[in-house]
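Take the given structure of chain A and dock chain B to it, following the hints.
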Amino acid sequence: MPLIEMTKEKIKGNWDLVITPKSSLFDLNLKDLWRYRDLLVLFVKRDFKAQYKQTILGPLWHLIQPILTTAIFLLIFGKIANIPTDGIQPVLFYMSGITMWNYFSVCLTSTSNTFVVNAAIFGKVYFPRLIIPLSVVLSNIYRFGIQFGLLLAVMIWYQFHGFPIQISFLWFFIPLLLVIMAGIGLGLGIIVSSLTTKYRDFTILMTFIVQLLLYVTPVGYPISYLAKSKFKFIIEANPLSSLVEAFRFILFHKGSIQTGGILYSIIFMFSSLFIGLLIFSKVERSFMDTV
Amino acid sequence: MPDTVIKVENISKQYRLGEVSTGTLMHDVNKWFYKVRGKENPYLKIGEENDRTKKTDSEYVWALRDINFEVKRGEALGIIGRNGAGKSTLLKILSRTTVPTIGSIKIKGRVASLLEVGTGFHPELTGRDNIFLNGAILGMTKREIKNKFDEIVDFAGVQRYIDTPVKRYSSGMYVRLAFGVAAHLEPEILIVDEVLAVGDAEFQKKCLGKMKDVSDKQGRTVLFVSHNMTAIKSLCTTVISLGNGLITEIGDSNSVINNYLYNHMNGGMIQSFENPKIAPGNEVAKLKRIEIRPELDYPEEPITVKKKINIDIEFWNFESNKTINLTIFFNNFAGECVFANGTVAKILPIGLHKATCAIPSNFLNDDTYNISLMIVGDSSYPIYFFENIVSFEVNEDRSGSSWHGKWPGYIRPKLDFIFLS
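Same order as they appear, the protein sequences are chains A and B.
Residues are numbered in the working numbering as their position in the first sequence, beginning at 1, plus a constant of 91.
Residues are numbered in the working numbering as their position in the second sequence, beginning at 1, plus a constant of 20.
None of these hints come from the bench; they were simulated from the model.
Computed list of lysine to any residue pairs in SDA-like fashion (alpha-carbon distance at most 25 Å, straight line): (1) B:187 to A:137; (2) B:166 to B:195; (3) A:144 to B:144; (4) B:51 to A:292; (5) A:289 to B:32; (6) A:373 to B:132; (7) B:166 to A:216; (8) B:162 to A:230.
Just chain A, with the same shape it has in the complex (with noise of 0.2 Å):
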């Protein structure tokens, strides 16, 4: 038996549990988190079954918002500041990535208020925590397939007027894009929620950061427009801007796939979310106290 399992049992002896103060920096506690996977598919249910009570739209809300960002971006990017769209068709341009930066950012925004919105069901009964901001991320994944379904109808309209859709085996990479975007606005959302917990001044903080966030990923232009910038890296350095990237191009055939863009998000991926779980199994057990 290794060392630091061995201290660990004899500090446990027969005990189920040992409520201590501290807990060691690496305890994250991923048993419960697996032991409570019933809630977890409860809780995304719980968000499909309650969002659009008493709505008369419903789920159509999902369809509005896209096609009326895609219209102010075709206005904004397209038409007053003419910015071209690598030879992809605008409309399909702007929408792709305005369903790719959708998702991010609600995964951001939403598991970034964990801790305040939860408190008071998190002051009176004990689950592992991370349940909740991963229902959010899980349950988004269907705003997302709706979007994504608008898009290919969309996609197939064009096919009729001259611009064909790509199919290939790329397509089997969306998936892992999406992954990766989910795993980034978690750890990013973890992180902001286990410090809000104590200073709201984060809360404020994120609301604009996340606008900011969207100039600086390739939503309203391509990354080939900036190829002679000398703030390209500015971009580069967003992880969120090769995934973008990389799902037009597997839908459109054009534009870039950068393998290098790829393996730094991914590498951005793991370091935030490892990051985020340390400070967010540190923070769950007591930020009851100071939320």
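Chain B alone, transformed into the frame defined by chain A:
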């Protein structure tokens, strides 16, 4: 000998008073600075006993201090104490919603805590969905909930409404459903906080019965916090009494509860104020004296159910020709009002007035009574309410009977109940 399933060692919990603001950041930096230099947290040395009635300079307060106890398998442990004594903090630590500042708790077996009824209920979801959701939040797996589903619905009595959103439920149905889920948890250790305060009397009885089942028949361990001493007494064998974050007493439930009640009774059998300036009351009326005067054969004789008791009251009236009547409330040791009684209203001149209330023999049951007095103006509004101002104990006297259990009921009148043949 059953084994120990909960071992609480030196648990202390410190809270910082006041708001979280820029000052907090300074303390955090300071704490961190001590830590990097390998020193102990400087704020752990300060902090005071948690007496909320005293205003102090310290920003840190100990909600719990050096709590030690053990709970054996199958034991039902009651926790009592005034508001702010640390009961809830202790339960929060036990149910892992917060951590102790110092000390450790070791637990054997699965813990389910019920600090609130219906945690996580979503108003838009149906009763059925909420049973699953709430069950899972409390730590059940989907399969366990499925197996218990019919029992839960049955317990709550909401068969007809099971597919209706719970926001359409009456508050009673809501609580019944929520407790139903909790009552069918099958943890080795069940922690329950004051949840019986909600719901009607019949339902409270049902809940208490269910908890008794859990502890007696199924051999599970129960930790129960309540202000309802009757409930604690009927469920728990051992009781911990907390005061200002410390354990004041731990032991057999009857003696701990009696001591607790005795220590929290105000003033004993007499309250007397000679100086109207410092007497309790207000500018309309003030209390001079209230005395419990039992008619005893010799001075040290205990009051028994067979004795007559008088309550004498003297008070000052400061308004001329004020219409006043007095009402006395008799609260039993569990805090329930057994009955109240009032004088007729009378127009009184300014000055000292006296009244007396005679309680006949063979009327009160053996219990501890806290007396509250209300001076009522114009037969319509309270001029002043003296809460739990005096108290007395009525003892058992059952000479001539060989049965020694507690006589049931709130009062004990001697009626003409006779054989006719």
